[in-house]
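Undergrad: Assemble the whole structure, with the sequences as input and the hints as a guide.
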Amino acid sequence: MSGVNADALASCFKALVHDTDLDGARLKIERTQHRHWCPRCEREFRVWNLDSRCACGETQTKFIAGDELEISYLEVDEP
Amino acid sequence: MKRVDAKHKLMHANDQVAECMRQCFVAHEVLAINIISSPGSGKTSLLERTLERLPDDWKATVVTGDIATDNDAARLLAYGHPVEQITTDGACHLDASMVAKRVCPDCMAGSGACKPVFDLLLIENVGNLVCPAGFDLGENAKVVLISVTEGDDKPLKYPSALLKSELLLLNKTDLLPHVNFDKDKFRQHAQRVHPGIEIMELSCTTGEGIDDWLKWLDTKRTAIRKKAAKIPKPDDCAGCE
Chain X
1 MSGVNADALA SCFKALVHDT DLDGARLKIE RTQHRHWCPR CEREFRVWNL
51 DSRCACGETQ TKFIAGDELE ISYLEVDEP
Chain F
1 MKRVDAKHKL MHANDQVAEC MRQCFVAHEV LAINIISSPG SGKTSLLERT
51 LERLPDDWKA TVVTGDIATD NDAARLLAYG HPVEQITTDG ACHLDASMVA
101 KRVCPDCMAG SGACKPVFDL LLIENVGNLV CPAGFDLGEN AKVVLISVTE
151 GDDKPLKYPS ALLKSELLLL NKTDLLPHVN FDKDKFRQHA QRVHPGIEIM
201 ELSCTTGEGI DDWLKWLDTK RTAIRKKAAK IPKPDDCAGC E
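These protein sequence lines are chains X and F, in that order.
Here the first sequence is numbered in our numbering, starting from 1 and rising by one per residue.
Here the second sequence is numbered in our numbering, starting from 1 and rising by one per residue.
Any given hint could turn out to be false.
Cβ-Cβ distance ranges computed for the label pairs, FRET-style [said to hold, decoys possible]:
#1 Lys62(X) x Lys157(F): 17 to 25 Å
#2 Gln16(F) x Leu27(X): 36 to 44 Å
#3 Arg225(F) x Glu58(X): 27 to 35 Å
To spell it out: a stretch of chain X is covered by chain F in this simulated footprint if at least three of its residues, at any positions, have a beta carbon under 8 Å from a beta carbon of chain F; those stretches are [claimed, not checked]:
#4 52-65
#5 69-76
For the record, the hints were derived by calculation from the structure and aren't laboratory data.
Glycine is no exception: its CB is placed at the ideal position from the N, C-alpha and C atoms.
TA: Structural data, given as structure tokens:
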């Protein structure tokens, strides 16, 4: 839901680091789940195929996760 | 190997500028609307009908984004309100800095607090339903515009645009007799992706639905004014960057 295509991001990363000090660095992409909140059963659930209805039948659920776009952490060689 | 936690949002730079503008807008009772759609859905026509019928007590400014040409600005200037054309030269979306440089130039230059001279900012984003959904422009609400010629399953194809928008406008309803478009299916698809999204039907050609759209803007403005009444107006601000 962030609007980013993971394959395109990976290709661009490879092209950007090529022939630089970061050449060889790996990009690990963690895809987050599209999740909604159901006010009726008061629980989170994963949305599959954009179907935001809760298993209990509630249709007015709220988007809570799935559009994250962040650098989580780096793994670097210790000097 | 050492792990260094970052937790750095890639949109941080954009979001910082957007939030600065948002605070300015709220404090000065400006209603900022970011209109997104595919190319050709009728954004410029919607703005023409809006500016044409806007009550006299509104002071509107329009920012319109296109990859090339200033054709849209030329059309909109005829309605007597200030129009800023942003030609992106290739970027498929507007970002917060582009908009801030035009509507909050003092903030961006660091030369003092923003004092907008308008109370309605209408942003016509670049025609694209993908990237504009992901960029916060400091708006009070994103509005997504889809026309009946785009297929009733359009909401399913652009879920992010639907999810990030508060209002879905269905345009070109005058063409319904001539296209294969199921309005009920369209509404179901929209609610499936964004439960509770408000949907309005209109035609910028016949004018149908435009009054309801203006009423929606007026309701949003009333809410902004109630919120602003509780916030002290800033004498100064640190600037948007």
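Undergrad: Next step is simple, just say for each hint if it's right about the structure.
TA: Comparing the hints with the structure gives:
{"no.": "1", "hint": "Lys62(X) x Lys157(F): 17 to 25 Å", "verdict": "22 Å, holds"}
{"no.": "2", "hint": "Gln16(F) x Leu27(X): 36 to 44 Å", "verdict": "24 Å, violated"}
{"no.": "3", "hint": "Arg225(F) x Glu58(X): 27 to 35 Å", "verdict": "34 Å, holds"}
{"no.": "4", "hint": "52-65", "verdict": "holds (count 7)"}
{"no.": "5", "hint": "69-76", "verdict": "holds (count 8)"}
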